[in-house]
Amino acid sequence: MHAIREAAAGFKRSPVLTGLSSAMVGLALYVVGLFGLATYNLQLALTSVEERVEVAVYLRDDARQSEIDLALTELAEIPEVRSVSFVSKRDALDRARADLPEFGELFADLEVNPLPQSLEIELRPGERNPDVVERVSEAAAAYPFVEDVRYGREWVDKLFALRRIGAATAGVLGSAFAMVAALIIGTALRIAVFARRDEIYVMRLVGAKASFIRRPFLLEGAMAGLLGGLLAWGLTYATYRGVYSFLFEVAWLPSGWIGLGVLVGVVFGAFSSALAIRRHLGEV
Amino acid sequence: MIKLTNVSKEYPKRGFALREVSLHLKKGQFAFLTGHSGSGKTTTMRLVHMAERPTTGEVRVTGYSSDTVTERNVWRVRRRIGYVFQDFRLLPGRTALENMAFVLEVTGTARKAIVPAAQRLLAQVGLGAKAGALVNELSGGEQQRVAIARALANDPYILLADEPTGNLDDRATRGVLDLFWDINAKGMAVLMATHDLELIKRYPHARVFELDQGRLVYDSAPE
Numbered sequence: 000m001h002a003i004r005e006a007a008a009g010f011k012r013s014p015v016l017t018g019l020s021s022a023m024v025g026l027a028l029y030v031v032g033l034f035g036l037a038t039y040n041l042q043l044a045l046t047s048v049e050e051r052v053e054v055a056v057y058l059r060d061d062a063r064q065s066e067i068d069l070a071l072t073e074l075a076e077i078p079e080v081r082s083v084s085f086v087s088k089r090d091a092l093d094r095a096r097a098d099l100p101e102f103g104e105l106f107a108d109l110e111v112n113p114l115p116q117s118l119e120i121e122l123r124p125g126e127r128n129p130d131v132v133e134r135v136s137e138a139a140a141a142y143p144f145v146e147d148v149r150y151g152r153e154w155v156d157k158l159f160a161l162r163r164i165g166a167a168t169a170g171v172l173g174s175a176f177a178m179v180a181a182l183i184i185g186t187a188l189r190i191a192v193f194a195r196r197d198e199i200y201v202m203r204l205v206g207a208k209a210s211f212i213r214r215p216f217l218l219e220g221a222m223a224g225l226l227g228g229l230l231a232w233g234l235t236y237a238t239y240r241g242v243y244s245f246l247f248e249v250a251w252l253p254s255g256w257i258g259l260g261v262l263v264g265v266v267f268g269a270f271s272s273a274l275a276i277r278r279h280l281g282e283v
Numbered sequence: 000m001i002k003l004t005n006v007s008k009e010y011p012k013r014g015f016a017l018r019e020v021s022l023h024l025k026k027g028q029f030a031f032l033t034g035h036s037g038s039g040k041t042t043t044m045r046l047v048h049m050a051e052r053p054t055t056g057e058v059r060v061t062g063y064s065s066d067t068v069t070e071r072n073v074w075r076v077r078r079r080i081g082y083v084f085q086d087f088r089l090l091p092g093r094t095a096l097e098n099m100a101f102v103l104e105v106t107g108t109a110r111k112a113i114v115p116a117a118q119r120l121l122a123q124v125g126l127g128a129k130a131g132a133l134v135n136e137l138s139g140g141e142q143q144r145v146a147i148a149r150a151l152a153n154d155p156y157i158l159l160a161d162e163p164t165g166n167l168d169d170r171a172t173r174g175v176l177d178l179f180w181d182i183n184a185k186g187m188a189v190l191m192a193t194h195d196l197e198l199i200k201r202y203p204h205a206r207v208f209e210l211d212q213g214r215l216v217y218d219s220a221p222e
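Top to bottom, those sequences are chains A and B.
Quick note: the first sequence, position 62, residue 61 per numbering that gives the first Met the number 0, numbers continuous.
Quick note: the second sequence, position 8, residue 7 per numbering that gives the first Met the number 0, numbers continuous.
Excised from the complex, chain A in its bound form (with noise of 0.2 Å):
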């Protein structure tokens, strides 16, 4: 009971740094929130470019409705393949004819089909990486009834390490975000708890528990930091709205981010007063 009624009288007694503090975390903590912003909606682009990841199987005119069946099964008990669709030569004019309507006078005329059967294997979500895709070619690729497998190497490869790239880029410079962050939640909760050192030292002298001295300060910092993990979510989601509204679609974040996100300002609020109080409990 104490601890809460000090921490509320240490936010009463002294709002305006109650309220910076409250404010750098926020600061703080809403340029991680843009980090992330930026990060998921560039995994969310490149995942659904690799979606697109897929290995065509062209087939030879001559092979046996048998043999395509059993490539079909075996090809579909590979751990990363998701599914393997077979497209006929018709399907396959059909599909020629609705992506490009500008020969379809050309398509019209056609006496014979000069488009191959093939098989379509899409692979499993995190499946979607150069080794794996060569690998699934390789296995298709054995069949004496293949002609041809295609799943543009080079386009993979460049997609893999612009991912790598990334996710190296989002470490980086996601590390450097939060230590900047860190070291601003720490500073500015040190400056709260430095101005109420004389409050420390006398509980020290009067011989009051440290843990008791302790408490306060721990609540009023994740209170500090709830706030600022709060008003961090709040400029988050209006430079969110007004990218939307202004200048292109973008995705929210997930709630578990802004929950993970709050839940860190809480803990790291906490975590920075105790390492500040630690200091001043020493000097008495």
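Since the hints were made in silico from the structure, they are not lab data.
Incorrect hints may have been included.
Said to hold, decoys possible - Pairs of lysine-lysine, DSS-like flavour, derived with a Cα cap of 25 Å: (1) B:K185 x B:K26; (2) B:K111 x A:K11; (3) B:K111 x A:K208; (4) B:K26 x B:K200; (5) B:K111 x B:K129; (6) B:K26 x B:K2.
Please arrange chain B on chain A, whose structure you already have, making use of the hints.
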């Protein structure tokens, strides 16, 4: 009550602040601890308060030994000690009553009993009428009286006073000393650090310890 046995205190940069000091202040005694600046008075007070630990030797305070008291339970020793400083160390921007209430609350006084206890303690030091005044608006002597009332809040066994009259005029000094003697008359041991020899001469019944360059060079009532 307070017993220092062969206590030395060495700081990494400053060197020795105390060397082989042994002294024993018994229950109900009043003693001055004197010496020039840098003689080790404040270090001795801090050792008794267990804000410092001796480099060698042992400090015993009301049965607690510096060898066994940990940082975690040092509060138990401090509840038995009242501490008064030259610069008062009150909480600025709060009234005398609020300063008292703060201390009473953090040391576990029941909520309902806090204000009556604070008023009683302020009355004891002659400040009952100024309970509602902001401490920074009080005179130096009055601020020191608030600090003394605060030191008495835990009903301690020992009162430590580190140059408590250093910032006070002669009249306020006499008032503070009278208060200390009153407190001592009720059975509380008082150890007061001061470099003011004229002040000590005014109280010939008090015991005197003198430090010089960290060594105890005089004890008016050796055992």
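So, going through the hints one by one against the coordinates:
1. B:K185 x B:K26: 11 Å, holds
2. B:K111 x A:K11: Distance ~22 Å between K111 of chain B and K11 of chain A Cα, so the pair holds.
3. B:K111 x A:K208: The given pair, whose Cα atoms are some 21 Å apart, holds under the 25 Å limit.
4. B:K26 x B:K200: Satisfied, since the Cα-Cα distance of roughly 22 Å is no more than 25 Å.
5. B:K111 x B:K129: 21 Å, holds
6. B:K26 x B:K2: 11 Å, holds
No hint from the list above goes unmet by this structure.
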